[in-house]
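> Given next are the chains, with one letter for each unit.
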Amino acid sequence: MTAMRIRVNGRDREVAPGATVSALLEELGLLPARLAVERNGRVVAKPDYPSVALEEGDVVEVVHFVGGG
Amino acid sequence: MRTSTLTIAGRSFPSRLFVGTGKYPSLEVARRALMASGAAMVTVAVRRIDLTQKGEGSILDVIEKVGVPILPNTAGCYTVDEAVRTARLGREAGLSDYVKLEVIGDPKTLFPDNDGLLQATRILVKEGFVVLPYTNDDLVVAKRLRDAGAAAVMPLAAPIGSGLGIQNPVNLRILLEEIQDLPVIVDAGVGTASDAAIVMELGADGVLMNTGIAGAADPEKMARAMRLAIESGRLAFEAGRIPKKLYASASSPVEGVVRSGA
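So the protein lines, in turn, are chains L and Z.
Residues in the first sequence are numbered from 1 upward in steps of one, following this note's numbering.
Residues in the second sequence are numbered from 70 upward in steps of one, following this note's numbering.
Among the hints, a few may not be true.
Said to hold, decoys possible - Derived CB-CB ranges, DEER-like: (1) Leu30/L / Pro94/Z: 37 to 47 Å; (2) Arg5/L / Ser263/Z: 52 to 62 Å; (3) Pro94/Z / Arg11/L: 44 to 54 Å; (4) Tyr147/Z / Leu31/L: 43 to 53 Å.
Stated by the list, open to error - Partner residues aside, some chain L positions facing chain Z, computed with beta carbon under 10 Å: (5) Ser22; (6) Leu28; (7) Val43; (8) Gly57; (9) Glu61.
Derived by calculation from the structure, the hints in this document are not laboratory data.
C-beta atoms are modelled at their ideal positions from N, C-alpha and C, and glycine is treated no differently.
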């Protein structure tokens, strides 16, 4: 099985075929509590992280809060 | 004696001061300033996580310690699409329907793009957001935002981060007189305590500021100063000031003065 290519926060990345959002976050060392994930322009709800499987070419944004006005 | 309470979309707030969390020299300084401010809510920005390095502490740790609700913003967004996506991400990350909506139209002044702001407001209101749009001190735009379902309007006093104070008191007074049915929170341009007090004396329902506190030499002291100014200004507004007159009117009785040569 060859790895899938996706784009995360503007950078190319390879993930295992069928990897879920949860798996990606785990690989990135991120806890889901204080972040949000967008996949191809749509927000992925937190309860769906374990069930949403990523696909080749997906564009993923992983964001959090920073100081701002 | 307390001032009347600020209510936005049915929710009451213990303060009329909203504080930004950007530009503090350190998280500890931010924590002290947020504590001293007694803020109703604190704004935060939504940004990509930097995946190349591990963060140490975060502003969210500080906010949780202070125990103040967060107000995600869409700062830095220049299109309706960017602002709407950022608002949705902020809701998912922060589990709150409140959003400080910014659609910026010009990078040098950071003035709002009114057309984009209206479009984004309509979309987000439909999705159940409590939309607090950062806007010009323009009554017509404020009315349109109100009609689009905004929960408050947040006109600028001066450009973001400028510290210039109210540049157009007439526009702001007109806006405050004409928009009576939803809160008007002056957002941006406040430089020091008197600016905040003046805004409140004009009848604003609240003030949102970031740089005025974060950029002060002592942010904790300035936060306290702003808190007091906003409370003073609001009390003065509610108390009803005396009319301005050109000539003196004696405070002591004019009868019974001991006169020389009488």
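> Against each hint, give a clear statement of whether it holds in the structure.
Now for the hints, and whether the structure bears them out:
1. One distance hint, 37 to 47 Å for the beta-carbon pair Leu30/L and Pro94/Z, is violated here, with the actual separation near 27 Å.
2. About 57 Å separates the C-beta atoms of Arg5/L and Ser263/Z, a value consistent with the hinted range of 52 to 62 Å.
3. Roughly 30 Å separates the CB atoms of Pro94/Z and Arg11/L, a value that falls outside the hinted 44 to 54 Å.
4. Range check, Tyr147/Z to Leu31/L: Cβ separation about 31 Å, and the 43 to 53 Å hint is violated.
5. For Ser22/L, the shortest C-beta to C-beta distance to chain Z is roughly 15 Å, which exceeds 10 Å, and the interface hint is violated.
6. A hinted interface residue such as Leu28/L counts as satisfied when its beta carbon comes closer than 10 Å to some beta carbon of chain Z; here the least separation is about 6 Å, so the hint holds.
7. Below 10 Å, beta-carbon pairs count as interface contacts, and Val43/L has one with chain Z at about 5 Å; its hint therefore holds.
8. Of the supplied interface hints, the one on Gly57/L is violated, with its beta-carbon coming no nearer than about 19 Å to a beta-carbon of chain Z, more than 10 Å.
9. The beta carbon of Glu61/L is positioned within 10 Å of a beta carbon in chain Z (closest approach about 6 Å), and the interface hint is therefore held.
The structure is inconsistent with the numbered hints 1, 3, 4, 5, 8, although it conforms to all the rest.
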